[in-house]
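J.: Given next are the chains, with one letter for each unit.
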Amino acid sequence: MQELAVSASGLVKRFGDRRAVDGVGIAVPKGLIYGVLGPNGAGKTTTLRMLLGIIEPDEGERTLLGSRFPRDESDRVGYLPEERGLYPNMKCREAIAFMGALRGLPWNTGRQRAGALLESAGLGHAADDKIRKLSKGMAQLVQLLGSVVHEPDLLVLDEPFSGLDPVNQERLELLIRAQRDRGATILFSTHVMAHAERLCERISVIAGGQVRFEGTVDEARALLPLRARYTPHQDADAIAAMLPADAVRQEGSWRFTVPDGGIEALLVRLIDAGHGISGLSIERPGLHDAFVRIVGADAMADQPETVA
Amino acid sequence: MMPRFLRHALTIARRDLKATVMTPTFLLFLLSPLLMIGFVVIGGLSGQAAGAAGEARQVIVAIAPAGQQDALRATDRELRSVFTRDSARPRLRLETQQADTAKQARAVFDSDTMEAAAVLYGPLDRPTVLRRAGAEAEGRYLAALAAQTLRAEHAAGIRSIAHFETVAREAPTVSGRGQAAYFSTFAIFLVTLMLSGQAVGAMAEERSNKVIEILAAAVPLESVFFGKLLGAFGSALLFVAFWGTLVANLPKLMPAGLAGALSDLSVAVGPIFPLLLIGYFVMAYLLQSAVFLGVGSLASTQREIQMLSLPITIFQFAMFGMASYAAGNPESWVATAAQVVPFSSPMAMAARAANAPELWPHAIAFAWQGLWVAITLTIAARLFRRGVLKSASPKRGKRAAA
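One line per chain: the protein sequences are U and L, in this order. All residue numbers for the first sequence refer to the numbering used here, where the first residue is 1 and numbers rise by one. All residue numbers for the second sequence refer to the numbering used here, where the first residue is 1 and numbers rise by one.
In short, the hints are calculated from the structure, not lab data. Everything numeric in this text was worked out from a predicted model, so none of it was measured. All residues carry an ideal CB built from backbone N, CA and C; glycine is no exception. Errors might be hidden in some of the hints.
Stated by the list, open to error - In silico DSBU-like pairs for lysine-lysine, Cα to Cα no more than 35 Å straight-line:
id, chain 1, residue 1, chain 2, residue 2
1, U, Lys133, L, Lys210
2, U, Lys133, L, Lys390
3, L, Lys210, L, Lys390
4, L, Lys210, U, Lys136
5, L, Lys210, U, Lys91
6, U, Lys136, L, Lys18
7, U, Lys91, U, Lys130
8, U, Lys136, L, Lys390
9, L, Lys390, U, Lys91
10, L, Lys18, U, Lys91
11, L, Lys390, U, Lys30
12, L, Lys18, U, Lys130
13, U, Lys133, L, Lys18
14, L, Lys210, L, Lys18
15, L, Lys390, U, Lys130
16, U, Lys30, L, Lys210
17, U, Lys130, L, Lys210
18, L, Lys390, L, Lys103
19, U, Lys30, U, Lys91
Unchecked claim - In silico negatives: residues of chain L with every beta carbon more than 10 Å from chain U:
id, residue
20, Phe29
21, Met36
22, Phe39
23, Ala49
24, Gly67
25, Arg126
26, Ala152
27, Phe186
28, Val211
29, Glu213
30, Ala216
31, Leu277
32, Tyr325
33, Glu331
34, His362
35, Ile364
Kindly produce the complete structure, drawing on both the sequences and the hints.
T.: Laid out in structure tokens, this is it:
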């Protein structure tokens, strides 16, 4: 069993009558980039805040960096909240050093590292500018740098990509990978599948306050059958009868779900019938489709689905 | 190594203090009492000027034969040394007697060149004094002037020459103590009233710029609150140090008479009193600010914070009322109550320091008030956690079981 940076079981949080989080469990192995995926309002932020000890769960247990009291380990944790906030009158360098100081980093060390971090993030020119002068995206990067300046063992990012343009999203991905390479564990939440697909080594999908899926990205995609795109040499209406029922004709090609037994038998029949093969591709559906399937299907079912 | 709690609080306090002090607004805040002093001085001066102008025109008149006028003038000079500046009678004006003195005296009141308050005429042993309504004292003065002049005429050569010496009292007078007690209560009240309201908006600021999530994630809320309190206290301390230095040097600049009157305000505990006064100011500030910080943290808009300022001021006045009653009546049960109720305790205990010489109750009072600062902050942090973060407090008890 791999060592876990974060683990929790049966977390419940009620806001009034609503169970915002309803029995969530999570196990984040050390040294991984781990994604918490879910639609808006699924309970991602509340779960992260409970894991960090900002709020206490009504039920359930959690362990963070080996401690049952997450706050005791707060100096080893970096956190980017969903609601970004910095003191508008503070200079970038000071803001980063302040966030480090809150986590136990001496001010001077913080200032020195802030300079280097800003430089590497392409913001070296703004080190002595006040936060209020920065664009929203730049301020967000500064806050992110502030959450890694003390070189935390665990980095928790709540929707880190929202509000960033593609260039800055790219910078952020690089930064996250660099933190992982340094040995940190990264736990982040998102509802944008593209980032999760590129970055995450494992994911949890949360919807309606419950975990719907836990596993690797490939395992999630494997929940959906393969899709085939077949272009016959000689197109004919008769082909439809030979293909699975869901086949759709599209500009001289056919799209259909690969049958359970594999596509080979079907191909033999198509060749024997003289239709020929001018093009054939077999693809896994993306995480996006898997996500929609997991969240959509399980919204109706009661039991969360997991892959062992 | 500093305890984490204190380290966190100091980090936050340092940021807050820097953010407060390094702004032009702070200079305005620091110098704002100048405005108050300026208005008081201007108001006082112009009031005095108006009064002085009226008094300068007023006169009292003695109608006498030319031969008597020098004697009257000399007696007037002698009598005037009895009066202080405030109670001095209007200037004396001598008029030479004409044929119909009664008519002449009445005419004086209608004169355009002077405002006569009272007029004396007739023989000195049986003079007639005319006076305007409200000028009774001026009339009596003219009568006394006549009597004294007559006495001097008849007993020429008899003189009494006094020798003056100034003596200071060794032990403070009871009324001096009472004044010192009230003065210390009032000083603490005024300074906390001016300064502690700052804390109300401290948490609202954090919530409006969303930094609270960063703070709450990194640092226990209790540390956040204590840090905010220390930060606000730092700027208050700068304010007090600045004005305290000025005020402390004031007696050197004051006329000797006034400084002597101040030295009469001695206190029962002796020279340690200024230290106690500072200590109680610190406690009063911390206690009240802790309450305001807690109450303010639950308000979510600027409007709500403004609404809170009235009840807060009323609360402060109530505490001051109780403490100042205690200052005047040190033996009463109200005094004991004011010393025990944590929020009036610093003011009441400062008054006690002026009234009673024992020192041990002050040690207890400091401990008691310190405890209440901690209690208030803990309650404030819990209310914030429950009301704003919607969370219970961490259950530390579980650790022992685990």
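J.: Evaluate each hint against the coordinates.
T.: Hint check results:
1. Lys133/U / Lys210/L: holds, 17 Å
2. Lys133/U / Lys390/L: holds, 33 Å
3. Lys210/L / Lys390/L: Roughly 16 Å separates the two Cα atoms, so the pair holds.
4. Lys210/L / Lys136/U: holds, 14 Å
5. Lys210/L / Lys91/U: Within the cut-off at roughly 17 Å; holds.
6. Lys136/U / Lys18/L: holds, 24 Å
7. Lys91/U / Lys130/U: holds, 4 Å
8. Lys136/U / Lys390/L: holds, 28 Å
9. Lys390/L / Lys91/U: holds, 32 Å
10. Lys18/L / Lys91/U: Answer holds: lysine 18/L to lysine 91/U is near 12 Å, not above 35 Å.
11. Lys390/L / Lys30/U: Since the Cα atoms of lysine 390/L and lysine 30/U sit roughly 30 Å apart, the hinted pair holds (cutoff 35 Å).
12. Lys18/L / Lys130/U: holds, 14 Å
13. Lys133/U / Lys18/L: holds, 19 Å
14. Lys210/L / Lys18/L: holds, 19 Å
15. Lys390/L / Lys130/U: holds, 33 Å
16. Lys30/U / Lys210/L: Holds, at about 30 Å.
17. Lys130/U / Lys210/L: holds, 17 Å
18. Lys390/L / Lys103/L: violated, 92 Å
19. Lys30/U / Lys91/U: Within the cut-off at roughly 34 Å; holds.
20. Phe29: Fine: 16 Å to the nearest Cβ keeps phenylalanine 29/L off the interface.
21. Met36: holds, 29 Å
22. Phe39: Nearest chain U Cβ is 32 Å from phenylalanine 39/L, so the label holds.
23. Ala49: holds, 47 Å
24. Gly67: The assertion about glycine 67/L holds, with a minimum of 85 Å to chain U.
25. Arg126: holds, 85 Å
26. Ala152: The claim stands: alanine 152/L keeps its Cβ more than 10 Å from every Cβ of chain U (closest is about 79 Å).
27. Phe186: holds, 36 Å
28. Val211: violated, 4 Å
29. Glu213: The assertion about glutamate 213/L is violated, with a minimum of 4 Å to chain U.
30. Ala216: violated, 5 Å
31. Leu277: holds, 35 Å
32. Tyr325: holds, 44 Å
33. Glu331: holds, 50 Å
34. His362: holds, 36 Å
35. Ile364: Given that every Cβ of chain U is farther than 10 Å from that of isoleucine 364/L, nearest at about 34 Å, it holds.
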